[in-house]
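A.B. asks: If you want the building blocks of each chain, they are given just below.
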Amino acid sequence: MKVNDVILQTVTKIVVFIIFTFAFYLFFAGHHDTGGGFIGGLMAASALVLLYLSYDIDTISKAIPINYRTLIGVGVSVSMLTGLGSILLGFPFLSHTFEYVDFPFFGEIELATSVLFEFGVLFTVVGGTLTIILSISEDV
Amino acid sequence: MNNIIILLLLIPLLTGVLLIFLRNRISAQRWLSILSLLAVGVIAAIIIQRVLNEGTMTLNLGGWEPPYGIVLVADMFAMLLVFTTVIVGICCLLYGFRTIGEERERYYFYTFIQFLLVGVMGSFLTGDLFNLFVFFEVMLLSSYVLIALGGKKVQLRESIKYVLVNIVSSMMFLIAIAYLYGMLGTLNFAHMAIRVSEAGQDGLLTTVAIFLMLVFSLKAALLMYFWLPGSYGAPPMAIAALFAALLTKVGIYSIFRVFSVVFPHQPEITHQLLAWLGILTMIIGAIGAVAHWSLRKILAYNVVVAVGFMIAGFAVFTTTAIAGSVFYLIHDMFVKALLFLLGGVMIGLTGTDKLREMSGMIRNHASLGWMFFIAALALAGVPPLSGFIGKLLVLQGAIGEGFYIIAAVGLITSLMVLYSVIKIFINGFWGENQLTVEDEKMSTKGTLLPSAILTVIVIGMGLGAEFVNVYIMEAAEVINNPSLYIDAVMPNGE
Chain A
-1 MKVNDVILQT
9 VTKIVVFIIF
19 TFAFYLFFAG
29 HHDTGGGFIG
39 GLMAASALVL
49 LYLSYDIDTI
59 SKAIPINYRT
69 LIGVGVSVSM
79 LTGLGSILLG
89 FPFLSHTFEY
99 VDFPFFGEIE
109 LATSVLFEFG
119 VLFTVVGGTL
129 TIILSISEDV
Chain B
724 MNNIIILLLL
734 IPLLTGVLLI
744 FLRNRISAQR
754 WLSILSLLAV
764 GVIAAIIIQR
774 VLNEGTMTLN
784 LGGWEPPYGI
794 VLVADMFAML
804 LVFTTVIVGI
814 CCLLYGFRTI
824 GEERERYYFY
834 TFIQFLLVGV
844 MGSFLTGDLF
854 NLFVFFEVML
864 LSSYVLIALG
874 GKKVQLRESI
884 KYVLVNIVSS
894 MMFLIAIAYL
904 YGMLGTLNFA
914 HMAIRVSEAG
924 QDGLLTTVAI
934 FLMLVFSLKA
944 ALLMYFWLPG
954 SYGAPPMAIA
964 ALFAALLTKV
974 GIYSIFRVFS
984 VVFPHQPEIT
994 HQLLAWLGIL
1004 TMIIGAIGAV
1014 AHWSLRKILA
1024 YNVVVAVGFM
1034 IAGFAVFTTT
1044 AIAGSVFYLI
1054 HDMFVKALLF
1064 LLGGVMIGLT
1074 GTDKLREMSG
1084 MIRNHASLGW
1094 MFFIAALALA
1104 GVPPLSGFIG
1114 KLLVLQGAIG
1124 EGFYIIAAVG
1134 LITSLMVLYS
1144 VIKIFINGFW
1154 GENQLTVEDE
1164 KMSTKGTLLP
1174 SAILTVIVIG
1184 MGLGAEFVNV
1194 YIMEAAEVIN
1204 NPSLYIDAVM
1214 PNGE
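Protein chains in written order, with this note's numbering: chain A, -1 to 138; chain B, 724 to 1217.
Rather than coming from a laboratory, the hints here were simulated on the basis of the structure.
Among the hints, erroneous ones may be present.
[Stated by the list, open to error] So the derived list for chain A, only partly shown, Cβ under 7 Å to chain B, looks like this:
id : residue
1  : GLY33
2  : GLY34
3  : TYR50
4  : VAL74
5  : LEU92
6  : SER93
7  : THR95
[To be verified] Short derived list, chain B residues pointing at chain A, Cβ under 8 Å:
id : residue
8  : LEU737
9  : PHE744
10 : LEU784
11 : GLY785
[As the list claims (entries may be wrong)] Here are the simulated distance ranges between beta carbons:
id : chain 1 : residue 1 : chain 2 : residue 2 : range
12 : B       : MET894    : A       : ILE107    : 38 to 46 Å
13 : B       : MET894    : A       : ASP3      : 33 to 41 Å
14 : A       : TYR98     : B       : GLY824    : 54 to 62 Å
15 : A       : PHE15     : B       : PHE744    : 30 to 38 Å
16 : A       : LEU87     : B       : LYS884    : 41 to 49 Å
17 : B       : PHE934    : A       : THR129    : 55 to 63 Å
18 : A       : VAL99     : B       : ILE992    : 54 to 62 Å
19 : B       : ILE1145   : A       : ASN65     : 49 to 57 Å
Note that CB positions come from ideal geometry on N, CA and C, so glycine has one too.
For reference, chain A alone in the conformation it holds in the complex (with noise of 0.2 Å):
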């Protein structure tokens, strides 16, 4: 039986993009209140299966081609890299450093190499929570 579901997919459409922004905001936000790579990265796979939900999995798959697998393995390098990083300059493993710098237009940012730790940790996020949840899916 083909389900009517116009409405979801239309809300669906731009629902998706809220989300990402406010993913993306706490993925950011993380560095000093709540937040993170952890929970951004949860939301950024709310979002995908919120998609997956209201369209099916073959079309979502074609629209976004990315192995979730992968995508795990990809992160938890990322992260691990740069934990290496600081092995290589000779200070122990994961250390972070921050550095305040003058953008123009934006002014004063803080630029922190915990934020590339923390992308690790978002990519594997929801690759990790995808997998599980197609897996799932794909089983019924």
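Starting from the known structure of chain A, fit chain B onto it as the hints suggest.
C.D. replies: Quick look at chain B alone, frame taken from chain A:
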């Protein structure tokens, strides 16, 4: 700062991740996983030498001093276990190359072996209770995958039990950690030790300590071993050997560490309890080993007996007995891996694990038979093999302290263990040969090499006990004298 310590975890972790990308290149996967473990082995050997010369090494991750940051502690005890882990890992991998099958290799077998070893070695190295929990989980999650990988009916049945038991015990672990954090305000082993000795180990703390003991006992199969024979019987032997050699040992290590560094102040309660748990485990395990006629079951119950023996040795709590326990712990990791791998070949050849359906294998497989015989004697503690020294030291310590029951039970169960493995030997290798070479279900090509390596180690550890003892004594010294550990982690006090 000793960044070399983190390499022990980083190399297998990176390799594991790299192998995800090389999913379809199986020979590359094999080479990389062996190379990674060889590298870790060399690094571990270097660290052991440095620890012997310069004392315990620590690494404050991210440059955060303890108790605020997470610290990795490489003392002699932990490093010996790490080194043993790597060697056992290499042998099980070599065995896996021949036996594990392409299906599993394609589904991330090598990746999860690397992750499992990260979890095991991380548990040995960490100096922080919460981090211990995390590494436990790394190890357990990989072991869930390895047990279920392949998806046979028996595997799924056993993995559900295994997962449920471990999830419940992990939850209890978290609760215990929460209680401890609430009472002590810290989770760093050294810092907890300082605070416990300052405040005194009162009834409440001892209760939490016993709760923690319960959690570790469940992981170590101490008395609560009911999940072990089933779940170690389900996966292929390469994986079962790795589990038998490593997983319960992490629980034992945790008991050694926590009840020597953090909670050594009420031995009349906690260590007494450990002694009785150990005695009961030995008895029940030995009865199980004697009673069964299935090869896998007998071997699995032998794991349980050894757990009881080591914990009982630790509970005596003198330098001699602890040294014996540590020696036996390392010996047991080697010899259990060896027995499981040899048992794997026997099951592979005959296609069954029922002893009554095997016989006369020594005619075509003499080396297999003799290696099994040596492993059986080493397991029971016949001199000059590796099991002897450990048992001798534990019994010496136990009798010296008046723990006659431990000594008696230890000796009697040794005999029962010997009986159970010799039963395998007699049924499997003596008698009429029913199996022609053409009828064998698998070829032994390449599968005897890892067993040969382990056999050499088992003999070497016994004959070269003088050489090994230098390291063992150093390890026992750290356990026996926790201030060494505390000073290494927090040189400036609180």
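A.B. asks: Now, for every hint given, state plainly whether the structure supports it.
C.D. replies: Results of checking the hints against the structure:
Among the interface hints, the one on GLY33(A) is violated; its C-beta lies about 20 Å from the nearest C-beta in chain B, farther than the 7 Å criterion. Given hint, GLY34(A) at the interface with chain B, is violated; its Cβ is 16 Å from that chain's nearest Cβ, farther than 7 Å. Annotation: TYR50(A) was flagged as interfacial toward chain B, and the flag is violated, the nearest CB pair being 23 Å apart, outside 7 Å. Given the 7 Å rule on beta carbons, the hint for VAL74(A) holds: about 5 Å separates it from the nearest Cβ of chain B.
Checking LEU92(A) against chain B: minimum C-beta separation of about 4 Å stays under 7 Å; hint holds. Because the closest C-beta pair between SER93(A) and chain B is about 5 Å apart, less than 7 Å, the hint holds. Violation of the interface hint for THR95(A) is found here, the shortest Cβ-Cβ separation to chain B being roughly 10 Å, above the 7 Å cut-off. Using the Cβ-Cβ criterion of 8 Å, the hint placing LEU737(B) at the interface with chain A is satisfied: the shortest such distance is roughly 6 Å.
The restraint placing PHE744(B) at the interface with chain A holds, with a minimum CB-CB distance near 6 Å, inside the 8 Å limit. Residue-level restraint check for LEU784(B) holds (minimum Cβ-Cβ distance to chain A is 5 Å; threshold 8 Å). Among the interface hints, the one on GLY785(B) holds; its C-beta lies about 4 Å from the nearest C-beta in chain A, closer than the 8 Å criterion. A hinted range of 38 to 46 Å for the beta carbons of MET894(B) and ILE107(A) is consistent with their spacing of about 42 Å.
With their beta carbons about 39 Å apart, MET894(B) and ASP3(A) fall inside the hinted range of 33 to 41 Å. Between TYR98(A) and GLY824(B) the C-beta distance comes to about 56 Å, which sits within the given range of 54 to 62 Å. Under the hint 30 to 38 Å, the C-beta atoms of PHE15(A) and PHE744(B), about 31 Å apart, fit the expected range. Roughly 48 Å separates the CB atoms of LEU87(A) and LYS884(B), a value that falls within the hinted 41 to 49 Å.
At roughly 35 Å, the beta carbons of PHE934(B) and THR129(A) sit outside the given window of 55 to 63 Å. Distance hint for VAL99(A) and ILE992(B): a CB-CB separation of about 59 Å, consistent with the stated range 54 to 62 Å. The hinted window of 49 to 57 Å between ILE1145(B) and ASN65(A) holds, with their beta carbons roughly 52 Å apart.
Checked against the numbered hints given earlier, this structure breaks hints 1, 2, 3, 7 and 17; the rest are met.
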